[in-house]
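Chains A and B, in that order, are what the protein sequence lines are. Quick note, the first sequence lines up with residues 355 to 687 if you use our numbering. Quick note, the second sequence lines up with residues 355 to 687 if you use our numbering.
Please note that the accuracy of each hint is not assured.
When chains are identical, the list treats them as one kind, so a pair holds in a single copy or across two.
Simulated crosslink set (DSS-like; lysine-lysine; CA at most 25 Å straight-line) [what the hints assert, rightly or not]:
| hint | residue 1 | residue 2 |
| --- | --- | --- |
| 1 | K621 | K474 |
| 2 | K393 | K622 |
| 3 | K432 | K541 |
| 4 | K541 | K505 |
| 5 | K655 | K628 |
Calculated directly from the structure, the hints in this document are not laboratory data.
There are 2 protein chains.
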Amino acid sequence: MKIVVDAFGGDFAPLEIVSGAVKALQENEKLNVVLVGDKDKITEILQSLVFLSDRLEIVHAPDVVTMDDVPTVAIRTKKTSSIVVAYDYLKQNEDAVALVSAGSTGATLTGAVLKLGRIKNISRPALAPIMPTLNDKNVMLLDCGANADCKAENLLHFGIMGNEYMKAMGVKKPRIALLNIGTEEEKGSEMIKEAHQLLKNSRLNFVGNIEARDVLRGNVDVVVSDGFSGNVCLKTIEGTAEILFGELRDITHSSFKAKMGALLLKKKLYGLKKKYDYRKVGGAPLLGINKIVIKCHGNSKAESVACAINQAWKLANNKLVEKVAKAVEKDEE
Amino acid sequence: MKIVVDAFGGDFAPLEIVSGAVKALQENEKLNVVLVGDKDKITEILQSLVFLSDRLEIVHAPDVVTMDDVPTVAIRTKKTSSIVVAYDYLKQNEDAVALVSAGSTGATLTGAVLKLGRIKNISRPALAPIMPTLNDKNVMLLDCGANADCKAENLLHFGIMGNEYMKAMGVKKPRIALLNIGTEEEKGSEMIKEAHQLLKNSRLNFVGNIEARDVLRGNVDVVVSDGFSGNVCLKTIEGTAEILFGELRDITHSSFKAKMGALLLKKKLYGLKKKYDYRKVGGAPLLGINKIVIKCHGNSKAESVACAINQAWKLANNKLVEKVAKAVEKDEE
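All chains should be built: construct the whole structure from the sequences, respecting the hints.
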């Protein structure tokens with residue numbers, strides 16, 4: 355069971371990606387990794403890390419998809435780019451079960467659909483980031499931007515996929531909620547009201563609507579949303595936290611007195627930042643695809659890449675793709 | 355020119371509402387206020403505040419619309435409630451120009467449309483909260499929940515109304531942006547892409563798409579959004595800030611060392627909380643209605659009620675309603 359890693363996607367590629375893969379291999383003895391990218395550069399980094407393992411394979415890809423590339427064009431034309439070669443490898447090798455990439459979200463999404471294909475009956479794959487919450491549990495928010503226009507049925511599928519993901523990660527009877535502008539059943543747009551009914555009548559442990567203000571409280575495991583609102587929610591969380599932590603940093607540097615105060619609080623403030631650091635939970639899975647795909651944040655460093663590789667391994671090991679396929683099929687009956 | 359105040363709407367009504375009205379009257383000599391609610395209770399509070407002014411009028415209303423009432427039903431049946439009597443007063447008295455209420459959002463919205471009516475050519479009034487930002491400027495986000503389903507044309511009207519509001523508050527050439535899941539023109543749902551084109555081809559100073567993460571940066575004056583996403587954005591900001599400030603409070607109480615540190619940072623931390631306190635900017639206007647309507651937060655205290663009354667006065671004084679009507683008419687030509 356091999357995890358394929360796009361070694362040249364991400365702000366800190368290839369060094370941090372390769373280092374992350376090495377870290378994951380050291381942590382997990384059952385893991386096999388395929389690093390895709392410029393072979394010479396990868397070899398050079400591995401030598402500098404003094405790492406050698408027969409569980410690590412390198413597949414050469416001289417080209418790279420950048421942030422300036424149009425994803426749909428790049429996937430079709432940049433045939434020797436690390437992400438395209440990685441997807442081709444996944445397509446051709448049955449024992450390759452998952453992709454991990456910190457590169458362009460658009461290219462990762464497009465490549466996944468074009469090269470690996472969707473799970474039967476699922477018309478819209480969803481990007482599903484996982485966030486740490488107030489009570490130290492994780493919450494998954496999906497979709498977060500893969501689908502700007504959604505139908506109610508897509509949201510039911512998001513719920514089913516989120517449910518299977520959380521079960522694969524060890525959560526028993528995941529609590530599924532619907533992102534809405536009020537907790538009452540009759541709230542929301544027409545599409546959301548329809549999605550509410552579908553979720554309510556499904557086999558899921560549907561706990562009703564959740565307001566955006568409560569997403570980070572950790573009282574539910576999966577928040578289902580259309581891709582537009584989910585993206586707005588995710589980016590608002592990121593933006594608000596960034597601004598407040600930034601203000602806090604400025605305050606603690608603003609005077610001698612403040613610096614002294616900050617010194618006394620340093621450990622606790624650092625703990626707070628660490629608590630809400632979404633990188634520690636790995637990457638955002640792209641659910642609904644025929645193999646496991648994990649999209650890491652562009653600024654991922656070795657630690658979060660290693661997390662994402664282990665996450666991919668765990669999901670593949672727990673047969674997430676097969677379970678999603680079965681759950682959706684059941685639902686279609 | 356009278357501002358009508360629902361004295362019995364809000365968590366801290368009537369005391370804080372009446373006190374807020376008194377504060378506003380003391381601050382602004384040109385202001386006239388009509389307090390609507392139980393006359394005896396209002397008189398009692400005024401006596402305890404030792405306040406008497408011929409610029410203050412009381413209109414009796416024995417009943418109250420509560421959070422448990424269904425707004426549409428309450429507006430039609432609770433004919434002697436403070437909010438209904440307030441709207442009736444506005445309808446019948448030409449010199450009554452604005453309503454301020456901290457009561458039920460639903461009742462305030464429903465009453466506004468049913469009793470005062472919409473401005474000609476505007477099919478969807480919008481709830482438009484104003485928030486303090488990183489660079490100390492205010493940003494308006496509209497719609498924030500009055501319309502869960504929107505058409506592109508509604509969003510153009512939101513832009514026009516936000517523009518007139520900001521001009522009435524003294525902002526020259528307000529920068530209008532569209533809330534979207536990417537900054538590129540081709541991003542977003544079909545409706546949002548259509549709205550982008552309408553805004554781009556309008557007379558507005560349209561600066562393009564804005565991502566949710568940048569709303570609080572203060573680089574634009576008005577963020578246009580459908581009511582669903584706007585509500586998600588607003589409540590995510592509130593929820594994230596609440597959680598982080600809560601964590602900060604817990605941290606600063608967690609040990610003797612932390613308490614000492616917090617003591618040294620106290621003034622700055624308080625300043626930070628104050629900086630982002632949206633109550634200081636007054637209430638959220640309901641734009642598109644034939645008179646000025648300001649909805650205060652349910653937990654408003656005297657200071658924010660006074661702010662909202664002054665805000666209403668300023669808007670009425672600058673003829674916001676007439677200007678919106680004219681701007682939309684121009685746009686229809």
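Hints and how they fare:
1. K621 / K474: neither (49 Å within a copy, 59 Å between copies)
2. K393 / K622: neither (43 Å within a copy, 52 Å between copies)
3. K432 / K541: Result: close only across copies, 23 Å inter versus 46 Å intra.
4. K541 / K505: both (17 Å within a copy, 18 Å between copies)
5. K655 / K628: within (15 Å within a copy, 36 Å between copies)
The structure fails hints 1 and 2 (numbered hints given earlier, in ascending order).
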